[in-house]
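Peer 1: Okay, so the sequence shown: first residue is 1 according to the UniProt record's numbering, each after it adds one.
Check the hints yourself; a few may be wrong.
Said to hold, decoys possible - Straight line, CA to CA, 25 angstroms or less: simulated DSS-like cross-link-like pairs of lysine-lysine:
#, residue 1, residue 2
1, K94, K106
2, K277, K300
3, K137, K117
4, K106, K117
5, K106, K88
6, K88, K137
7, K300, K106
8, K192, K137
9, K117, K192
10, K137, K106
11, K192, K106
As the list claims (entries may be wrong) - Computed Cβ-Cβ distance ranges for the label pairs, DEER-style:
#, residue 1, residue 2, range
12, S89, P199, 47 to 53 angstroms
13, S284, I254, 41 to 47 angstroms
14, H216, F252, 48 to 54 angstroms
15, L75, P138, 26 to 32 angstroms
16, L60, I285, 33 to 39 angstroms
17, H216, R57, 29 to 35 angstroms
18, D181, L302, 18 to 24 angstroms
19, D82, L302, 23 to 29 angstroms
20, E185, T224, 37 to 43 angstroms
21, K315, L123, 46 to 52 angstroms
22, F252, R219, 31 to 37 angstroms
23, A118, H301, 40 to 46 angstroms
To be clear, the hints were calculated from the coordinates, so they are not data collected in a lab.
Note that beta-carbon positions come from the ideal geometry of N, C-alpha and C, so glycine has one too.
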Amino acid sequence: MLSYALSTATNLFHLPIDEEEDREIEGYQRKYLTWTSDQAAGTSQASSSKAPDLDTRSALSRAEDERNQTVNDILQNEDLYDVLGVDKSKALDKLALRRAYLVRSKACHPDKFPVNKAANATLAFQKIAIAYDTLSKPQLRRIYDCRSRYAKYDIFAAGRTGHAEETFQGVVIGIFNDFLDGDLEVIRTLLKAISDCNPSLTLGDDGINSVLAILHTIRERALTCRTCIFALHAELSRLLEVQQEMRQLSYFDIFGRSRLTIQLTRITLSLPFVLEKALEEQHSIYGSGPNDKTVTILPKHLNVLIRSIDFALAKIECVL
Numbered sequence: 001m002l003s004y005a006l007s008t009a010t011n012l013f014h015l016p017i018d019e020e021e022d023r024e025i026e027g028y029q030r031k032y033l034t035w036t037s038d039q040a041a042g043t044s045q046a047s048s049s050k051a052p053d054l055d056t057r058s059a060l061s062r063a064e065d066e067r068n069q070t071v072n073d074i075l076q077n078e079d080l081y082d083v084l085g086v087d088k089s090k091a092l093d094k095l096a097l098r099r100a101y102l103v104r105s106k107a108c109h110p111d112k113f114p115v116n117k118a119a120n121a122t123l124a125f126q127k128i129a130i131a132y133d134t135l136s137k138p139q140l141r142r143i144y145d146c147r148s149r150y151a152k153y154d155i156f157a158a159g160r161t162g163h164a165e166e167t168f169q170g171v172v173i174g175i176f177n178d179f180l181d182g183d184l185e186v187i188r189t190l191l192k193a194i195s196d197c198n199p200s201l202t203l204g205d206d207g208i209n210s211v212l213a214i215l216h217t218i219r220e221r222a223l224t225c226r227t228c229i230f231a232l233h234a235e236l237s238r239l240l241e242v243q244q245e246m247r248q249l250s251y252f253d254i255f256g257r258s259r260l261t262i263q264l265t266r267i268t269l270s271l272p273f274v275l276e277k278a279l280e281e282q283h284s285i286y287g288s289g290p291n292d293k294t295v296t297i298l299p300k301h302l303n304v305l306i307r308s309i310d311f312a313l314a315k316i317e318c319v320l
């Protein structure tokens with residue numbers, strides 16, 4: 001299926017991966033959406049000689065207002081479903097709960113708020129952790145549904161305590177683990193098809209294995225690196241959206257499924273660059289530290305290879 005869609009698309013253009021065309025790839029830059037700390041935002045604005053334009057200030061103001069409104073909504077609600085922002089339904093599965101948790105945690109994580117508003121954000125962050133911990137466990141969810149059906153049951157005042165940061169890390173790592181276990185072979189198949197359609201890429205099985213091995217390195221880093229968890233958080237939200245869209249397509253929609261597989265692969269291949277950017281940002285804020293030498297995630301040859309793959313996938317995606 002992938003080979004058919006890719007061969008059809010690549011017949012419409014020439015993939016510029018040959019040595020004489022390396023300059024085009026070298027100058028190619030992809031925009032990555034990732035978590036940015038408030039400290040880094042302040043540093044960036046202070047170092048810039050130009051003040052942000054009106055549209056930028058307006059967008060930042062709207063985003064801040066939306067975050068504040070989300071925090072207020074969570075603090076004013078005691079129903080777990082409302083706190084997590086999901087409908088009470090038998091069809092509420094693990095994927096839907098994880099997607100809802102990622103959206104809520106992104107909106108109200110205390111690190112995204114100034115000091116004078118961090119206290120309320122912390123309370124909201126703790127509430128969504130309790131809501132997720134309860135609704136994601138079938139037994140606890142049944143108990144909560146049964147009790148709340150007959151009388152108001154305030155689980156937040158019933159002695160339930162949670163470790164919000166541990167829940168946050170656990171959800172992010174859990175999603176990433178499921179992705180590595182479930183979708184990695186699909187990405188391997190796509191990369192193999194890309195290699196077959198464009199021999200000048202010189203990808204081969206060894207190159208594919210090297211690219212995918214980086215993802216396991218990222219997982220190991222995320223287990224002990226808070227900055228990596230934040231960086232993964234935003235990207236995994238995008239992965240879940242693509243996976244959800246994929247599930248809604250007919251199996252026989254070859255080009256639609258191929259297009260989404262390419263999007264999934266491009267997001268995946270961006271992860272090393274996203275983490276490197278986040279680690280560099282952390283270094284610029286806090287200065288030297290024991291992990292300075294680990295900022296670089298990708299060896300130079302893999303950096304060039306992944307950028308070449310992404311360049312090719314971008315052109316194929318436009319055609320599909």
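Peer 1: Each hint should be assessed against the structure and marked as holding or not.
Peer 2: We went through each hint and held it up to the structure:
Between the alpha carbons of K94 and K106 the distance comes to roughly 18 angstroms, so the proposed pair stays at or under 25 angstroms and holds. Simply put, K277 and K300 have alpha-carbon atoms about 15 angstroms apart, close enough for the 25 angstroms limit, and the pair holds. Pair hint K137 plus K117 does not hold up; C-alpha atoms about 31 angstroms apart against a cutoff of 25 angstroms. For a cut-off of 25 angstroms, the pair hint linking K106 to K117 stands: about 15 angstroms separates their Cα positions.
About 22 angstroms separates the Cα atoms of K106 and K88, which keeps this hinted pair within 25 angstroms; it holds. Simply put, K88 and K137 have alpha-carbon atoms about 15 angstroms apart, close enough for the 25 angstroms limit, and the pair holds. The hinted pair formed by K300 and K106 fails the criterion: a straight-line CA distance of about 32 angstroms is larger than 25 angstroms. This hinted pair does not check out: K192 and K137 have alpha carbons roughly 39 angstroms apart, beyond 25 angstroms.
Between the alpha carbons of K117 and K192 the distance comes to roughly 49 angstroms, so the proposed pair goes past 25 angstroms and is violated. Annotation: proposed proximity of K137 to K106 holds, straight-line Cα distance about 22 angstroms (limit 25 angstroms). For a cut-off of 25 angstroms, the pair hint linking K192 to K106 is broken: about 35 angstroms separates their Cα positions. Between S89 and P199 the beta carbon distance is about 50 angstroms. The supplied range of 47 to 53 angstroms therefore holds.
Between S284 and I254, the C-beta spacing of about 45 angstroms keeps the proposed range 41 to 47 angstroms intact. Checking the proposed 48 to 54 angstroms range against H216 and F252 shows it is violated: the Cβ atoms sit about 33 angstroms from each other. A beta carbon spacing of about 27 angstroms between L75 and P138 agrees with the range 26 to 32 angstroms that was offered as a hint. Separated by about 19 angstroms at the C-beta atoms, L60 and I285 break the suggested range of 33 to 39 angstroms.
Taken as a hint, the range 29 to 35 angstroms is violated for the pair H216 and R57, whose Cβ atoms sit roughly 41 angstroms apart. Against the hinted window of 18 to 24 angstroms, the Cβ-Cβ separation of D181 and L302 comes to about 23 angstroms, which satisfies the hint. Between D82 and L302 the beta carbon distance is about 45 angstroms. The supplied range of 23 to 29 angstroms is therefore violated. Hint check: E185 to T224, Cβ distance near 27 angstroms, so the stated range 37 to 43 angstroms is violated.
Under the hint 46 to 52 angstroms, the C-beta atoms of K315 and L123, about 47 angstroms apart, fit the expected range. In this structure, F252 and R219 meet the distance hint of 31 to 37 angstroms, their C-beta atoms being roughly 34 angstroms apart. Look at A118 against H301: about 43 angstroms separates their beta carbons, and that is inside 40 to 46 angstroms.
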